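Mapping to numbering that gives the first Met the number 0: the sequence shown position 89 is 88, numbers consecutive.
I should point out that these hints are in silico values taken from the structure, not numbers from a laboratory. Because the structure is a prediction, the values reported are computed rather than measured. Honestly, I wouldn't trust all of these hints.
For lysine-lysine, the following DSS-like pairs were computed, each having C-alpha atoms within a straight-line distance of at most 30 Å [what the hints assert, rightly or not]: (1) Lys252 to Lys15; (2) Lys91 to Lys125; (3) Lys15 to Lys124; (4) Lys124 to Lys91; (5) Lys43 to Lys250.
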Amino acid sequence: MRITGAAPRVDSTLSKGLQILETLAASNGSRGVSELARELGMTKSNAFRLLQSLTVLGYVRREADRTYSATLKAWQVGRAVLERTSLRELAKPLLNYLSQETGETIYLAVQENLQVVYIDKIDSKKPIRSWNPIGGSAPLHCVGTGKAMLAADYENLRDVISGRLAACTDRTITDIHELDRDVSETRARGYAVDTGEFRERIYSIGAAIMLPDGSCVGSLGVSVPDVNLGEGGVDRIGVLVLHAAGAVSEKLKSY
Numbered sequence: 000m001r002i003t004g005a006a007p008r009v010d011s012t013l014s015k016g017l018q019i020l021e022t023l024a025a026s027n028g029s030r031g032v033s034e035l036a037r038e039l040g041m042t043k044s045n046a047f048r049l050l051q052s053l054t055v056l057g058y059v060r061r062e063a064d065r066t067y068s069a070t071l072k073a074w075q076v077g078r079a080v081l082e083r084t085s086l087r088e089l090a091k092p093l094l095n096y097l098s099q100e101t102g103e104t105i106y107l108a109v110q111e112n113l114q115v116v117y118i119d120k121i122d123s124k125k126p127i128r129s130w131n132p133i134g135g136s137a138p139l140h141c142v143g144t145g146k147a148m149l150a151a152d153y154e155n156l157r158d159v160i161s162g163r164l165a166a167c168t169d170r171t172i173t174d175i176h177e178l179d180r181d182v183s184e185t186r187a188r189g190y191a192v193d194t195g196e197f198r199e200r201i202y203s204i205g206a207a208i209m210l211p212d213g214s215c216v217g218s219l220g221v222s223v224p225d226v227n228l229g230e231g232g233v234d235r236i237g238v239l240v241l242h243a244a245g246a247v248s249e250k251l252k253s254y
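Using the sequences and the accompanying hints, generate a full structural model.
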């Protein structure tokens, strides 16, 4: 007779492998086989076999001193799921908020190498408006959403992007020292500003969306033709974008 409501069986090998991965991910440094086996109540041979499988799959790295540490693969898998599904759902009310407050085109973007990719948007209803499709991309250093994400992880991205600052308009930042200053300004005010650096006469203002661990997972942005800005428009929109991105970041704390 089948008993309904019974807890499903958990594969013991999979469970132990995930225990090892979670333990390594939470560790401050690499761990030895004997240490892991003792801590998790496994035999040394079982722990070693599971570590070998995790290493082959790319989730664990064997260090020169024969200890093991977690790689970023698990984080990359989780981040990909978050970016493509949940992030859109969590951010949607804030995209609507920005659309109602500004009447301009609103973007939700994530980073892909040195590009931004737009994963959601709300179009402006104004006669003069900017446009980029969902799935469209732009250089990280040229647009508000990209510059916000760049500033959030500049220590890691500076050397990578230096020498790759291609010009899209005559306003594009192509000098790394000028970009240093721009990033400093972005961090000071909390939002990034593109003054027609990707498309002429199209401004964009973006703010980073942060995970609880302090890493950047995406950004929100408003794209505005300069004729629509009006006096004080950049600062007004910047405050709105910063508030909206902060609200999404807060949501992620309880996700």
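Query raised in the report: Against which earlier hints does the structure fall short, listed by number upward?
Result: 3, 5
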